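Trainee: Given next are the chains, with one letter for each unit.
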Amino acid sequence: MMKQVTAVIKPFKLDDVKDALLEIGVSGMSVTEIRGHGRQKGHTELYRGAEYNVDFVPKTSLSTVVKEDQVDAVIEAIIGAAGTGKIGDGKIFVTNVERVVRIRTGEEDADALS
Amino acid sequence: MMKQVTAVIKPFKLDDVKDALLEIGVSGMSVTEIRGHGRQKGHTELYRGAEYNVDFVPKTSLSTVVKEDQVDAVIEAIIGAAGTGKIGDGKIFVTNVERVVRIRTGEEDADALS
Amino acid sequence: MMKQVTAVIKPFKLDDVKDALLEIGVSGMSVTEIRGHGRQKGHTELYRGAEYNVDFVPKTSLSTVVKEDQVDAVIEAIIGAAGTGKIGDGKIFVTNVERVVRIRTGEEDADALS
Amino acid sequence: MDVFFLTMGAAMVLAMHAGFAFLEVGTVRKKNQVNALIRVITDFGFSTIAYFFIGFWVAYDINFFAPVAELNVMEGGTHGYKMVHFFFLLTFAAAIPAIISGGITERVRFWPNVVATVLLVGLIYPLYEGMIWNGNFGFQDWLSANFGAEFHDFAGSVVVHAMGGFLALGAVLTLGARLGRYTNTGKVNAILPSNIPFLALGSWVLCVGWFGFNVMSAGTADGASGLVAMNSLLAMVGGLIAALIAGKNDPGFVHNGALAGLVAVCAGSDIMHPLGALFVGVVAGVLFVYVFELLQNKLRIDDVLGVVPLHGVCGAWGGIAAGIFGSTSLGGAGGVTFMAQLVGTLAGVAIAIIAGFAVYMGIKATLGIRLSEEDEHMGADLAIHQISANPEEDMQTH
Amino acid sequence: MDVFFLTMGAAMVLAMHAGFAFLEVGTVRKKNQVNALIRVITDFGFSTIAYFFIGFWVAYDINFFAPVAELNVMEGGTHGYKMVHFFFLLTFAAAIPAIISGGITERVRFWPNVVATVLLVGLIYPLYEGMIWNGNFGFQDWLSANFGAEFHDFAGSVVVHAMGGFLALGAVLTLGARLGRYTNTGKVNAILPSNIPFLALGSWVLCVGWFGFNVMSAGTADGASGLVAMNSLLAMVGGLIAALIAGKNDPGFVHNGALAGLVAVCAGSDIMHPLGALFVGVVAGVLFVYVFELLQNKLRIDDVLGVVPLHGVCGAWGGIAAGIFGSTSLGGAGGVTFMAQLVGTLAGVAIAIIAGFAVYMGIKATLGIRLSEEDEHMGADLAIHQISANPEEDMQTH
Amino acid sequence: MDVFFLTMGAAMVLAMHAGFAFLEVGTVRKKNQVNALIRVITDFGFSTIAYFFIGFWVAYDINFFAPVAELNVMEGGTHGYKMVHFFFLLTFAAAIPAIISGGITERVRFWPNVVATVLLVGLIYPLYEGMIWNGNFGFQDWLSANFGAEFHDFAGSVVVHAMGGFLALGAVLTLGARLGRYTNTGKVNAILPSNIPFLALGSWVLCVGWFGFNVMSAGTADGASGLVAMNSLLAMVGGLIAALIAGKNDPGFVHNGALAGLVAVCAGSDIMHPLGALFVGVVAGVLFVYVFELLQNKLRIDDVLGVVPLHGVCGAWGGIAAGIFGSTSLGGAGGVTFMAQLVGTLAGVAIAIIAGFAVYMGIKATLGIRLSEEDEHMGADLAIHQISANPEEDMQTH
Ligand SMILES: Nc1ncnc2c1ncn2[C@@H]1O[C@H](COP(=O)(O)OP(=O)(O)O)[C@@H](O)[C@H]1O
Ligand SMILES: Nc1ncnc2c1ncn2[C@@H]1O[C@H](COP(=O)(O)OP(=O)(O)O)[C@@H](O)[C@H]1O
Ligand SMILES: Nc1ncnc2c1ncn2[C@@H]1O[C@H](COP(=O)(O)OP(=O)(O)O)[C@@H](O)[C@H]1O
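If you read the sequences in order, they're chains A, B, C, D, E and F. Each residue of the first sequence is one higher than the last, beginning at 24 in our numbering. Each residue of the second sequence is one higher than the last, beginning at 24 in our numbering. Each residue of the third sequence is one higher than the last, beginning at 24 in our numbering. Each residue of the fourth sequence is one higher than the last, beginning at 74 in our numbering. Each residue of the fifth sequence is one higher than the last, beginning at 74 in our numbering. Each residue of the sixth sequence is one higher than the last, beginning at 74 in our numbering.
For the record, the hints were derived by calculation from the structure and aren't laboratory data. Check before you lean on any hint, since a few could be wrong.
What the hints assert, rightly or not - EDC-like mimics (lysine to aspartate or glutamate), calculated; alpha carbons at most 16 Å apart, straight line:
1) Lys-26/A x Asp-92/A
2) Lys-260/D x Glu-143/D
3) Lys-103/E x Glu-465/D
4) Lys-103/D x Glu-366/F
5) Lys-103/F x Glu-466/E
6) Lys-26/A x Asp-132/A
7) Lys-90/C x Glu-121/C
8) Lys-90/A x Asp-38/A
9) Lys-109/B x Glu-447/D
10) Lys-103/D x Glu-449/F
11) Lys-103/E x Glu-366/E
12) Lys-26/A x Glu-121/B
Given the structure is predicted, the values throughout are model-derived calculations rather than measurements.
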């Protein structure tokens with residue numbers, strides 16, 4: 024079985040997390056710029072005397088599909104690399120992936136990830 | 024069990040949807056700018072006599088992970104806030120989430136969402 | 024049952040993939056610009072004598088939610104349209120979707136997709 | 074020689090129109106950038122036509138419809154001084170729609186706006202211009218007789234700026250606020266600018282061009298005055314520093330503050346003492362910040378770039394200030410009276426306010442002046458020009 | 074005095090090169106912006122070298138290789154008028170590669186393009202320039218004898234613009250269209266511009282600088298003519314309004330339409346009546362729009378910025394128009410004949426077309442002229458300069 | 074007449090400040106663009122105040138505090154030549170903080186920087202300026218007596234550029250490198266520029282304005298020299314081509330290379346032979362590239378825009394080069410000696426280095442000079458100005 028691990032992290036932690044994942048043998052990952060709303064509050068901008076509240080904070084979403092037995096290692100690596108101890112460090116979500124195909128070769132599942 | 028509710032909505036409805044979700048106690052959410060293709064058609068641009076069809080329309084994807092018993096309330100809130108009655112209002116997808124971890128504390132599942 | 028098929032592809036293949044999917048009757052899709060890390064390597068930029076490695080390559084993520092019996096056709100169509108035979112063509116992931124709602128009408132599942 | 078002098082002046086003020094364009098491009102939302110650019114250059118085009126065929130004749134009773142041989146412009150003659158003088162004064166006249174443009178942007182219809190431009194530059198502006206700068210209708214004589222001096226407006230604080238700024242008042246009120254700017258519940262929604270660097274670029278171009286606006290207003294190379302240059306400099310600096318402080322480091326206020334000082338110094342730049350000019354600039358910078366906030370947030374007037382406070386209020390202040398700081402008792406060169414300045418200024422402001430409402434209400438009633446809700450929502454770029462500001466990028470992400 | 078005059082002219086035309094750069098930056102795709110910028114400034118650099126060491130001597134038989142003491146440039150002498158005249162004329166000569174650049178952008182190799190620049194500015198351009206503006210080879214005498222007047226090209230509609238525009242024809246055809254522009258099945262794929270505000274900025278800079286180009290072509294401050302300034306203004310306005318209407322509010326057409334009018338007015342700006350100039354501008358604006366669409370969509374010539382219609386066609390129109398509207402029967406100052414203008418223009422166009430093919434075909438055959446498919450796909454910025462236009466941002470999202 | 078001449082020069086150098094602003098905006102990260110813009114215009118404002126009230130009097134013993142009537146500026150008098158001369162020289166003086174700004178950007182606090190500006194433009198700069206250009210303290214006489222000639226710095230290679238560039242050295246070292254620029258393990262982290270087109274725009278504006286800087290340094294229209302114009306042109310071109318090649322097609326190097334040539338040519342532009350100027354420019358272009366890399370990567374000095382190599386090193390090279398290529402033996406006009414140039418240059422550099430450390434260390438010790446880590450991380454735009462460069466867009470995506 025394969026699982027997708029998606030981590031919402033602080034943008035400037037991306038390089039650290041990427042390196043930590045490569046170290047434990049993760050072969051690939053995909054990254055998206057998102058904006059998040061949670062406990063960490065946005066800031067206020069001021070223009071010509073008018074105030075604007077920014078309700079969302081910039082976050083980076085990184086997701087990687089791995090074999091089930093790698094999930095714990097991946098979570099550990101992310102926690103180790105992405106944590107600052109401050110509110111807004113983000114969350115990790117694990118979901119099930121039923122099938123993986125490599126477009127180039129048509130290989131499926133575990134083979135497609137290697 | 025936890026579920027991820029992902030809504031593809033019209034960008035200018037984001038604030039309304041966010042407020043509606045906060046009102047029913049959703050603790051966090053993540054937002055991505057996407058482009059969608061569906062029944063709603065894109066527009067045409069014209070530059071120096073040449074036409075360009077824009078096949079995708081800008082959409083906003085909002086997703087929140089909640090406990091199973093909150094799903095119905097979340098869907099209702101989104102429908103209430105995001106609907107304009109016109110084609111292109113978007114869709115809601117519900118998927119299963121097997122595990123949630125808060126990076127800052129290592130808390131899992133329901134605790135990670137509170 | 025409905026499935027979400029998500030394909031990470033080369034950005035300039037988007038139009039071909041979209042056309043291929045429309046041809047087999049896919050009714051809608053959502054697209055996000057992402058950056059990927061895998062076997063395909065990023066490039067190096069040079070500014071005033073200093074080197075910068077770009078570790079991620081631009082990719083496009085396209086996802087469509089379809090009925091289970093369409094999944095094979097969708098995968099085939101994507102492979103046919105997105106393949107260049109070179110490293111970096113991308114991957115396809117299939118996941119389960121438990122519920123779909125059309126915001127405009129409240130229709131659910133298969134109805135929401137037609 | 075003087076042809077060269079005025080050509081440089083005209084080129085510098087022509088450049089200011091690019092400045093107006095970028096100040097506006099930077100301040101509006103991205104979906105209206107292309108429209109801002111096209112509207113400014115189109116206004117310039119139709120202003121030229123209107124001023125060439127009607128306006129210059131209205132103000133100065135001059136036209137150019139005789140064959141070249143009879144116009145006495147070739148080398149033996151005047152070298153076409155009158156023609157380059159036309160060019161120079163046109164760049165002033167064309168500033169009227171360029172000023173108004175900043176107030177009505179993001180919601181005005183395209184061709185009705187052109188009609189307004191033609192009416193203002195062909196008729197309204199030259200009417201007052203001729204009264205002040207060509208002695209038409211005996212207004213200056215009347216001021217002289219009653220208040221001891223003519224109305225002195227060296228480079229157009231009132232003739233150009235207060236005129237444009239207060240014409241914009243009628244235009245802005247006739248159009249109404251942008252969708253979503255003010256809610257029924259009394260909330261003021263901020264609409265953020267798209268691009269501060271473009272805004273700043275526009276401001277810099279205006280600042281530099283202004284030295285053509287002011288110094289070349291002397292008309293001849295030998296008449297050029299270092300006092301005008303120095304006063305313009307000090308008022309600009311006074312305005313920017315004052316707006317920096319009053320506006321709490323805000324980029325919009327700082328860059329417009331420099332312009333506020335320059336607007337205010339035009340009228341008396343040839344007669345005030347540099348310290349007077351500095352003071353006039355400081356007041357203008359502060360005035361701009363406070364009147365801007367008052368109009369936008371208290372009076373709920375959606376004057377997008379703040380052209381009423383910038384050109385209108387600071388221009389009127391400049392007209393009056395010339396009567397104060399131009400007097401010899403405050404170190405100035407004299408030859409002005411406070412009352413003549415006050416009356417002359419108020420006359421200009423009154424004409425502008427009345428004409429502004431008349432022209433824009435008239436157009437609204439006949440042609441319609443405002444974009445449909447749908448078009449305004451989509452943005453003037455796609456609605457009117459079928460293209461966005463960054464088409465390549467927008468095609469990818471939209 | 075005249076040194077001052079020409080210095081201002083040269084500075085204004087130097088600024089136009091920044092205008093060329095931004096017009097191109099705004100029109101190309103983002104992946105080629107850096108290359109556009111570097112190519113324009115590099116072309117200017119090598120143009121200077123080529124014109125200094127060869128071109129100026131080819132055209133005017135002047136060089137500057139004696140010691141300063143013998144060049145008679147110090148205060149007692151001519152104040153180096155010849156030198157600033159060189160500077161002024163160089164900024165014209167350097168316009169040749171700047172014009173061509175807009176046609177061949179997004180696919181041309183870097184150093185082979187520099188070789189073309191050196192050949193064109195060092196030899197081809199000064200050849201024709203000398204024929205027209207220095208009476209070389211007796212061409213002007215021959216025209217006078219046969220057609221009643223010399224070929225009159227006051228500020229270079231033909232000498233600079235038609236020359237550059239038609240040289241570009243050979244260059245563009247030799248290079249071929251950009252990848253994916255035209256398909257085998259006959260489809261024309263649009264390639265969208267990256268940045269309309271930069272395009273507009275470039276156009277504004279060119280418009281303003283053009284008054285240096287035209288007015289300072291008089292050469293001396295006392296020769297400066299208000300007629301030239303007014304005619305340039307009216308042609309510019311005519312071009313922009315005509316292109317606005319013919320081009321259906323398109324920002325590319327409007328902003329290039331102003332330039333089309335200016336290109337066309339150069340030749341006869343000192344002799345036409347202002348109404349004639351207005352008309353010449355209107356025709357140029359319309360011509361530009363229609364010829365642009367014809368070349369791009371019907372003839373499938375991928376001239377990216379449309380320099381063949383803009384500089385080539387409108388320049389030739391300007392050369393001929395001077396013979397029409399310069400005549401006294403149409404209110405002009407006279408001294409020109411239609412036939413002399415026609416023949417002079419056609420000579421220039423013929424030289425340009427032949428030389429364009431010769432130079433670019435020659436380079437293609439020897440050095441290669443076009444980027445590899447892979448490089449073109451990646452973009453000239455990364456391929457040639459290893460950096461993109463917004464490196465900070467691109468590092469994050471790519 | 075001369076008022077007109079200097080007004081044009083002043084306007085052109087004023088425009089250069091916009092050039093400084095955009096060169097900086099393009100080079101810094103996006104989160105510091107607004108701050109760069111505001112800092113440059115604010116520095117200009119406070120420079121004007123400081124130079125008006127103190128600096129001009131320190132350097133030339135002139136002030137303007139008498140009533141207008143006594144200042145002899147009206148038409149019968151000098152037309153205020155002194156005033157426009159003040160304006161012109163102020164634009165030079167204000168270049169000092171504009172130069173330094175590029176070195177200390179992205180981390181300097183706002184008001185402490187204003188204090189530095191006032192001290193430098195009010196006191197330090199006019200001290201050396203007066204020594205060189207007004208004969209103060211007998212320094213020039215002493216050089217004449219000992220080294221056979223005065224120190225010749227026509228347009229400020231040393232007085233302005235080396236002074237600004239080496240003042241920046243103390244400022245940059247006092248501030249320290251930006252967060253994350255250099256790691257403890259010895260790694261050099263690249264920090265990428267945000268916007269190459271803005272960088273190029275800044276460079277073009279500076280290039281064009283520079284002809285005002287150099288040619289108008291003659292002070293009178295009749296003194297204007299074509300030699301100065303030609304030499305400036307060739308040095309600019311030499312610098313850009315050399316930097317293109319030495320810098321391997323890098324946009325930052327090319328566009329700054331043109332400036333390097335211009336910095337170096339200022340001092341001797343009125344006396345060198347054009348070929349000498351070309352050579353001086355080539356050397357400056359190469360110098361800039363190599364010293365930049367040396368400072369940034371070897372010596373780990375985080376001078377963001379490279380103002381120490383650009384203005385400091387190339388300025389000093391220009392001061393010395395005037396003593397080499399200005400001599401008659403190399404085709405120059407003579408009147409200079411190598412030793413006088415060397416000593417004059419070294420004196421300027423020494424004053425700059427000492428004063429730079431003194432002023433910035435002093436401010437650091439009293440007011441603090443550097444943003445907090447948190448503010449630097451967030452960016453100066455949000456930290457100081459509560460707004461980002463593209464607020465509309467940033468509100469959506471952040
Ligand atoms: N329930 C949720 N569903 C989806 N995303 C969430 C949820 N809660 C938080 N997030 C994402 O995680 C980010 C960090 O959450 P936040 O509550 O600010 O801090 P922390 O994770 O440290 O508790 C948010 O900005 C948001 O992007
Ligand atoms: N089958 C699908 N899979 C994924 N996304 C879809 C699907 N169908 C629609 N969408 C997304 O929903 C958006 C709205 O759909 P559309 O058909 O235009 O209108 P409506 O939801 O009102 O029927 C689309 O732009 C697309 O982003
Ligand atoms: N394990 C993975 N999880 C998530 N995304 C992946 C994974 N592996 C690859 N990808 C995505 O697929 C893209 C292509 O993968 P790559 O290894 O470069 O080539 P190929 O798919 O041809 O083997 C990557 O850039 C990344 O976006």
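Trainee: Please go over all the hints and tell whether each is borne out by the structure.
Mentor: Hint by hint, here is what the structure shows:
{"no.": "1", "hint": "Lys-26/A x Asp-92/A", "verdict": "holds, 9 Å"}
{"no.": "2", "hint": "Lys-260/D x Glu-143/D", "verdict": "violated, 64 Å"}
{"no.": "3", "hint": "Lys-103/E x Glu-465/D", "verdict": "holds, 8 Å"}
{"no.": "4", "hint": "Lys-103/D x Glu-366/F", "verdict": "violated, 38 Å"}
{"no.": "5", "hint": "Lys-103/F x Glu-466/E", "verdict": "holds, 8 Å"}
{"no.": "6", "hint": "Lys-26/A x Asp-132/A", "verdict": "holds, 11 Å"}
{"no.": "7", "hint": "Lys-90/C x Glu-121/C", "verdict": "holds, 11 Å"}
{"no.": "8", "hint": "Lys-90/A x Asp-38/A", "verdict": "violated, 23 Å"}
{"no.": "9", "hint": "Lys-109/B x Glu-447/D", "verdict": "holds, 14 Å"}
{"no.": "10", "hint": "Lys-103/D x Glu-449/F", "verdict": "violated, 28 Å"}
{"no.": "11", "hint": "Lys-103/E x Glu-366/E", "verdict": "violated, 23 Å"}
{"no.": "12", "hint": "Lys-26/A x Glu-121/B", "verdict": "holds, 9 Å"}
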